Amino acid sequence: MSMSPRVEYIQVAPDALQERLAQLLDSGGRMQMAYAWLPRPALAEVRYLAAPGAGQPLQVWECRAEHAHLPSLALRAPLLGWYEREMQDLYGLTFDGHPEPYPLVVDGAARGIALMPIEGPPRPSLRAPLVLPEVRDPQVQLLSFGPVRADVMESAQFLFFYLGEAVMHYQPRLFFKHRGIETRFEGGDPLAGCVLAERVSGVGSVAHGLAYCQAVEDAADCVVPLRARQLRVLLAELERLYNHLHYFGALADATTLKVGQAEGRLLEEKIKQLAGRLSGQRFMRNVLMPGGLRRDIAVPADLPDTLSRLRNEVESYLLQLERTTSYLDRLITTGVLTREVAFDQGATGPVERASGLDRDMRRDHPYAAYTDLPVAVPLAEEGDAYARARVRAAEVRVSFDLIELLLPQLQSGEVRGACIPKPASCGLGWAESPRGSLYYAVHIDAYGRLARVKIKSPSFSNWRAFPFTVHQSNMMDYAINEASFGLAIAGCDR
Amino acid sequence: MSLWTLRGLRSGQATTDWPQKADGDHGQHGTLGMPRITAEHCGDECRRCAQTCPTQAIALDTRGHLAELDYGRCIACQLCVEACPSGTLQSSEAWAFGVRERADLEWSLEPRPLASQQLAAHIEKSFRGSLHIRHVDAGSCNGCESELQALNNPFYNLHRLGVFFTASPRAADLLLVTGSVTAAMQEPLLATWQAMPEPRRVLACGTCAVSGGVCGGTYASGNGLHGILPVDIWLPGCPPNPAAIIEALLLLLERKPQRVHGGRPHER
Chain D
0 MSMSPRVEYI QVAPDALQER LAQLLDSGGR MQMAYAWLPR PALAEVRYLA APGAGQPLQV
60 WECRAEHAHL PSLALRAPLL GWYEREMQDL YGLTFDGHPE PYPLVVDGAA RGIALMPIEG
120 PPRPSLRAPL VLPEVRDPQV QLLSFGPVRA DVMESAQFLF FYLGEAVMHY QPRLFFKHRG
180 IETRFEGGDP LAGCVLAERV SGVGSVAHGL AYCQAVEDAA DCVVPLRARQ LRVLLAELER
240 LYNHLHYFGA LADATTLKVG QAEGRLLEEK IKQLAGRLSG QRFMRNVLMP GGLRRDIAVP
300 ADLPDTLSRL RNEVESYLLQ LERTTSYLDR LITTGVLTRE VAFDQGATGP VERASGLDRD
360 MRRDHPYAAY TDLPVAVPLA EEGDAYARAR VRAAEVRVSF DLIELLLPQL QSGEVRGACI
420 PKPASCGLGW AESPRGSLYY AVHIDAYGRL ARVKIKSPSF SNWRAFPFTV HQSNMMDYAI
480 NEASFGLAIA GCDR
Chain W
0 MSLWTLRGLR SGQATTDWPQ KADGDHGQHG TLGMPRITAE HCGDECRRCA QTCPTQAIAL
60 DTRGHLAELD YGRCIACQLC VEACPSGTLQ SSEAWAFGVR ERADLEWSLE PRPLASQQLA
120 AHIEKSFRGS LHIRHVDAGS CNGCESELQA LNNPFYNLHR LGVFFTASPR AADLLLVTGS
180 VTAAMQEPLL ATWQAMPEPR RVLACGTCAV SGGVCGGTYA SGNGLHGILP VDIWLPGCPP
240 NPAAIIEALL LLLERKPQRV HGGRPHER
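Chains D and W supply the protein sequences, listed in that same order. So that you can map any letter, position 138 of the first sequence is 137 in numbering that gives the first Met the number 0, and since no number is skipped, the others follow by simple counting. So that you can map any letter, position 174 of the second sequence is 173 in numbering that gives the first Met the number 0, and since no number is skipped, the others follow by simple counting.
Pulled out of the complex, with its shape left as it was, chain D reads as follows (with noise of 0.2 Å):
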């Protein structure tokens, strides 16, 4: 626990706005997130999540947004656009001078619906309608596939320009999954609320339930148990593991390493059946609460060997997959994304810092156990698809050195403290998930129920840097890129 305050909160008036964007990006700072939520009925404010440099506390500006306007910050600071469309989509407000201002999320007609009494079933025309370049050369080609994608994928539309080989411009259409989950955690209880955040996303359970819980914790200013805390990194780092286990098997099979791809699957497993003898869930869903963990977790005295021997395993696999040349040729040079375009378009976790971007929560801002382990940021420069697996594969190596530091100082004892959230409070909690940076932001109400649950996956800042990287590249390096970005779908849609 840190003596400096983890999060500074910001009054900022909307004509101020831009005038401290300039000063947050001059000085080497970034935009995390927007979101909206009510402090009181009809009236709106927007909290923008920022973090200025290296060391320092992140920033909460609260703006309201007078007569539900507010200016967009999107123009310089481009990650913002999708963040200020979903809140004209959700919350009904309108950002004055948006670059793209057309609805992401929902359709037009059902503006603001997030806040509207839910009426019936859902209806299919709440789909945000598709909106298209003008392409003007009779000779460019449209090529729509999805959202029902060959084999099991999760769905999304994909929309190619193309001209034979070569993709002139490339939109994800994403949003199908639009579950509309962040308001089933209103006016619950903030205590169960941990079970709704891991189905948030599947594959980043413990990480959505970590940084939930964490968000909970910091409305209620309450100590967590030592071992709760190491705990929660062994079960985060696991998570970490089979999730780039998954991507190497991903990247395998795209680059037709057909036995490559069974060995990473075959891997995965092993830390999946792992995890389940463990927690006593593959996902290791089940275990966390605010507070602490629901129940204690027997860490098995074989489980050192367990995770040695699958070691040895791992780095048997990622050496030949470092040797071999077809897959390396596939690679190398595929995929582009530059250092500037990942900071403007907010790319994050393993993307981001394989195009230069030294950030990683578990450093920078730590929490669980984080604080007292020592954790190494793998980093690369080129930005393309080589240099993403290449960090990846760095990432498993320290996921396993930090189980390897942590075990032996687990420490027995509680595992959950007292945990009551402050009525008409808020917190604000986060995690680096495997594909990286996750924040949730709770608002507590006057009766200590949920009044606000905004989360901000990982996949919603890299989906948004992506076509960047598609655009002006050619078709036979897109299922190689795609997989090599890691990009999930349901925590980006939500």
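Quick caveat, the hints were computed from the structure, so don't treat them as lab data. Model, not experiment: these values are computed from the prediction. One should not assume that every hint holds.
Unchecked claim - Here are some chain W residues pointing at chain D (derived, C-beta under 8 Å): (1) T4; (2) H28; (3) E81; (4) V135; (5) N240.
We put the beta carbon where it would ideally sit given N, CA and C, even for glycine.
Keeping the supplied structure of chain D fixed, place chain W upon it in accordance with the hints.
Structure of chain W alone, referenced to chain D:
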């Protein structure tokens, strides 16, 4: 490439001999499934299980005792088990909850008379040895997808059972649906079903597809497949683990018996 082939051959067989061998390794040891209802020990006015259930799967009688539990709504979150002071609800490893009739997921204190079991073949014989599945994600959390993808890893190796995922609905025998059916996925889901040749079957995979799960009934989320498609197999679970999905597929193919009737699992 040849190195990979040698490497694969050297590493030997990773595939389990379950389910052909009933005592083989199904890979789910230590995982918690649906709560087990042991007996009636409820205390008067307890109500804790129903109050804690995030998906309203539990109904009480006038004394506040457990009266009904709908496993089709259960997400196996274990909250009711932890809240229960009397031992009525206990954790269990029961996960093979695929059923043909939705009502077979509903446990009630007074067992309801079961619908007469149809003896006529449910499934065309031609499906039994070779089933092709078209999966549609109708708004899942990606947990079900993760477990469906696991089916093709070397441990489960679904192909060995003659079951395959196929890209085109035109070549599919079974529509396997995950998710609560969001507003935007309703049309693509129905279009996929309509593109399938008859006879076609539908499997509702996961509690979201069975009943809406944790997010059913928001402005954007439906309540699963009930009333949207004719479902042949209902498989709750959050998510159902790979072995549970295999059991449900083999149940569809009449290669495995149904293990749950009236919300009551039988022993193997």
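Here is what the structure says about each hint:
1. T4: Result: holds, 6 Å to nearest chain D Cβ.
2. H28: holds, 6 Å
3. E81: holds, 6 Å
4. V135: holds, 5 Å
5. N240: Given a least distance of 6 Å, the restraint on N240/W holds.
Of the numbered hints stated above, none is contradicted by the structure.
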